[in-house]
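Chemist: Listed below are the residues making up each chain.
There are 2 protein chains.
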Amino acid sequence: MKSETKQKILEAGAAIMHRKGYHHTGIQEVLAAAGVPKGSFYFYFKNKEAFGLAVVDYFSEMFASHLAPVLEDTSVKPLMRLERVFDHFIRYFAEMEFALGCPIGNLAQEMGDLSPVFQEKLRDAMDGLTRVFAGLLQEARHNGELGEHIDISETAGFIVSSWQGALIRMKVVQSAEPLKIHKRIILQQLIA
Amino acid sequence: MKSETKQKILEAGAAIMHRKGYHHTGIQEVLAAAGVPKGSFYFYFKNKEAFGLAVVDYFSEMFASHLAPVLEDTSVKPLMRLERVFDHFIRYFAEMEFALGCPIGNLAQEMGDLSPVFQEKLRDAMDGLTRVFAGLLQEARHNGELGEHIDISETAGFIVSSWQGALIRMKVVQSAEPLKIHKRIILQQLIA
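Keeping their order, the protein sequence lines are chains A and B.
No gaps in the numbering here: position 57 of the first sequence is 56 in numbering that gives the first Met the number 0, and each next residue is one more.
No gaps in the numbering here: position 130 of the second sequence is 129 in numbering that gives the first Met the number 0, and each next residue is one more.
Treat the hints loosely; a few may be bogus.
In silico SDA-like links for lysine to any residue, alpha-carbon gap of 25 angstroms or less [claimed, not checked]:
1. B:K19 x B:R140
2. A:K182 x B:E176
3. B:K179 x A:G134
4. B:K19 x A:H17
Okay, the calculated bits of chain A under chain B, using three or more residues with CB under 8 angstroms as the criterion [as the list claims (entries may be wrong)]:
5. 4-17
6. 42-53
DEER-style ranges, computed between Cβ atoms [stated by the list, open to error]:
7. B:Q173 x A:G134: 23 to 31 angstroms
8. B:N142 x A:K179: 43 to 51 angstroms
9. B:K76 x A:A191: 39 to 47 angstroms
10. B:Q187 x A:K179: 19 to 27 angstroms
11. A:D126 x B:Q187: 18 to 26 angstroms
12. B:S74 x A:T73: 50 to 58 angstroms
Hints were generated in silico from the structure; no laboratory data involved.
Just so it is clear, CB atoms sit at the ideal spot from N, CA and C, and this is done for glycine as well.
Chain A on its own, in the form it takes in the complex:
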């Protein structure tokens, strides 16, 4: 029961924080959306910052669980799995009509230079995605799909950051075009 309440608070909080960012998210608003009493919040979270950090983990875990079926399907070649990861996210952002953007990237923009604990948490979240891409590139290297001139760790980091940039551009052009160009350039030029 306890962890169910915590999950409700996190889900409601994640949705609000995705829309409004960290600073504009009020605890009262989260509790009202979750339909739980105030005491519950402070039972699970020491303060708003601790809650914000848990929301970052919530998003990281949500994305990891979305990607798991794609990543683990070893019947598909690694670079094709990378393409499917991009396609998965393109659909995800299309469903939100290209508004909001990536919750991790948004919080990095808002909090990355303001709070050391957020900075570390967001760095970990981005490093997690970098490791996912590095794993696929490593598999591709083993399969002979990836040229020897590609530095796997640098390239994986670059894919994550260029993806974040494509998401910013998506917000101002309100279309999937920057994401599709990102996918095409990474797959057909950079690592082809």
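Chain A is already provided as a structure; the job is to place chain B on it using the hints.
Modeler: For chain B alone, kept in the frame of chain A given last:
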């Protein structure tokens, strides 16, 4: 005299908005920093939104004037000028100790999906930088420095958005490393 006051308000407002974003910037605070009376603000700007849009233009013009000497030095090959543009910005962000990030990217993240007029203004600002890069790539094509397989318009747009992403990463790792990796991958891999 009039335009000097307007310039003072814009400079003070740009510095504050770079640090705090649009929503957290108060007009009173801007006027106090600029040392001008309240009436002046509404003489030059219809409202806060008009002021925010003028701040985006202020940043676009500031960056354009920073870059002009680099871009116009045709004694330097176009791809070397592109490298110098990256180096210029790496120094600029290093001077700010890798905090704050790009004011245009930050506002795109904050306002890109909230206000249609901001969206248009920020799209124009990013398109402006895209045209700068496209111009250099076009010159490089004429000089035979750029492979025929490179789509100039797409690649220029990709350089702008991947740069924005590198700046987000910079904020969470607090170093120039993502910017240097961006430069290396764009110049030595993507368009080499």
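Chemist: A separate judgement is required for each hint: does it hold in the structure or not?
Modeler: Evaluated hints:
1. B:K19 x B:R140: violated, 41 angstroms
2. A:K182 x B:E176: The given pair, whose Cα atoms are some 23 angstroms apart, holds under the 25 angstroms limit.
3. B:K179 x A:G134: Answer holds: B:K179 to A:G134 is near 23 angstroms, not above 25 angstroms.
4. B:K19 x A:H17: Between B:K19 and A:H17 the Cα gap is close to 19 angstroms, so the pair holds against 25 angstroms.
5. 4-17: Not satisfied, violated; 0 residues make the cut.
6. 42-53: The restraint on the segment 42-53 of chain A is violated, since only 0 of its residues have a Cβ under 8 angstroms from chain B and three are required.
7. B:Q173 x A:G134: 23 to 31 angstroms: holds, 26 angstroms
8. B:N142 x A:K179: 43 to 51 angstroms: violated, 30 angstroms
9. B:K76 x A:A191: 39 to 47 angstroms: violated, 26 angstroms
10. B:Q187 x A:K179: 19 to 27 angstroms: Distance hint for B:Q187, A:K179 holds at roughly 25 angstroms.
11. A:D126 x B:Q187: 18 to 26 angstroms: For B:Q187 against A:D126, whose Cβ atoms are near 24 angstroms apart, the range 18 to 26 angstroms holds.
12. B:S74 x A:T73: 50 to 58 angstroms: holds, 54 angstroms
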